[in-house]
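K.L.:
Between the sequences and the hints, there should be enough to build the whole structure, so can you do that?
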Amino acid sequence: MAKKLALIASKGTLDWAYPPFILASTAAALDYEVQIFFTFYGLTLLKKDVSDLKVSPLGNPGMPMPVPMPNLVQMIPGMESMATMMMKQKIADKGVASIEDLRAACLESGVKLIACQMTVDLFDFKPEDFIEGIEFGGAATFFEFAGESDVNLFI
Amino acid sequence: MDFDKELDARGLNCPLPILRCKKGLAEIENGQVLKVMTTDPGAVKDFQAFCKQTGHELLSMEQSESETVFHIKKRAA
Numbered sequence: 009m010a011k012k013l014a015l016i017a018s019k020g021t022l023d024w025a026y027p028p029f030i031l032a033s034t035a036a037a038l039d040y041e042v043q044i045f046f047t048f049y050g051l052t053l054l055k056k057d058v059s060d061l062k063v064s065p066l067g068n069p070g071m072p073m074p075v076p077m078p079n080l081v082q083m084i085p086g087m088e089s090m091a092t093m094m095m096k097q098k099i100a101d102k103g104v105a106s107i108e109d110l111r112a113a114c115l116e117s118g119v120k121l122i123a124c125q126m127t128v129d130l131f132d133f134k135p136e137d138f139i140e141g142i143e144f145g146g147a148a149t150f151f152e153f154a155g156e157s158d159v160n161l162f163i
Numbered sequence: 132m133d134f135d136k137e138l139d140a141r142g143l144n145c146p147l148p149i150l151r152c153k154k155g156l157a158e159i160e161n162g163q164v165l166k167v168m169t170t171d172p173g174a175v176k177d178f179q180a181f182c183k184q185t186g187h188e189l190l191s192m193e194q195s196e197s198e199t200v201f202h203i204k205k206r207a208a
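Taken in sequence, the protein lines are chains A and B. The working numbering puts the first residue of the first sequence at 9, with every later residue one more than the last. The working numbering puts the first residue of the second sequence at 132, with every later residue one more than the last.
Treat the hints as calculated values from the structure; they're not laboratory data. Any given hint might turn out to be false.
As the list claims (entries may be wrong) - In silico negatives: residues of chain B with every beta carbon more than 10 angstroms from chain A:
no. : residue
1   : Lys136
2   : Leu147
3   : Ile149
4   : Ile159
5   : Gly162
6   : Asp171
7   : Val175
8   : Glu188
9   : Leu190
10  : Ser191
11  : Met192
12  : Gln194
13  : Glu196
14  : Glu198
15  : His202
Stated by the list, open to error - Cβ-to-Cβ under 8 angstroms is the rule here; a few derived chain A residues that face chain B:
no. : residue
16  : Met83
17  : Met87
18  : Lys102
To be verified - Derived list of chain A stretches under chain B, where covered just means 3 residues or more per stretch with a C-beta under 8 angstroms from a C-beta of chain B:
no. : segment
19  : 27 to 34
20  : 37 to 47
For each residue, glycine too, the CB sits at the ideal point set by N, CA and C.
P.N.:
Here is the structure:
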């Protein structure tokens, strides 16, 4: 019987969009059955348009910067867009997949994407905000699959 | 070494070489051989792990300066 991977994706920034989609698509390639439960800011990753995902250097001392940059400078308007632009350029230069591509690979290989119904309501999102082929569910829905999974990760 | 299909995954980074390889294997018959060319340094370990977990046979792995070429035989079923 196929192994199972259950993921919770809770973050909605460009950098944190990668781990769930990389792990899910790879696990599917390894013949795992995979579900990702998207909750809170993670829901952003299910929007039709993910081209506006951003990465912020603010309050992230671990982010490699070309020159040392204090928080006071990073809060200047436009810095976040600039950091995002630089990150996207690096992603393209290094042959790293785009989030769109990884998400498409997940859908193509049968990864089940579940949007947390409670957070959808909380943020006033509408079903038509999201891509086709996803499901909506709550915590009990997650555990139905997670309870019998071999690997469970919260991201 | 003989092969039935060739896949160029050069310039691609994790996890794309593995995803492409999986796709390539789906397009050949059981027992046929897929040749994959990569430049991702992580591919060396990843392809071994992929084959070990999926049951496809890693026939060979040739490393040169900047490239690694894999020959993978698709499992019987």
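K.L.:
Are the hints correct? Go through all of them and say.
P.N.:
Outcome of the hint check:
1. Lys136: Non-interface label on Lys136/B holds, nearest chain A Cβ at 17 angstroms vs cutoff 10 angstroms.
2. Leu147: Contrary to the label, Leu147/B does not stay out of reach of chain A, its closest Cβ about 5 angstroms off (not over 10 angstroms).
3. Ile149: Check fails; 5 angstroms does not lie beyond 10 angstroms.
4. Ile159: Non-interface label on Ile159/B holds, nearest chain A Cβ at 16 angstroms vs cutoff 10 angstroms.
5. Gly162: 18 angstroms, holds
6. Asp171: 8 angstroms, violated
7. Val175: Consistent with the label, Val175/B stays out of reach of chain A, its closest Cβ about 16 angstroms off (over 10 angstroms).
8. Glu188: Holds, since 16 angstroms exceeds 10 angstroms.
9. Leu190: 19 angstroms, holds
10. Ser191: Per Cβ check, Ser191/B is outside 10 angstroms of chain A; nearest 21 angstroms; holds.
11. Met192: 18 angstroms, holds
12. Gln194: It holds; Gln194/B is separated from chain A by about 19 angstroms at its closest Cβ, greater than 10 angstroms.
13. Glu196: 18 angstroms, holds
14. Glu198: 14 angstroms, holds
15. His202: 18 angstroms, holds
16. Met83: 32 angstroms, violated
17. Met87: 27 angstroms, violated
18. Lys102: Status holds, d = 6 angstroms.
19. 27 to 34: holds (count 3)
20. 37 to 47: Check passed, 3 qualifying residues.
Hints 2, 3, 6, 16 and 17 from the earlier list are contradicted by this structure; the remaining hints agree with it.
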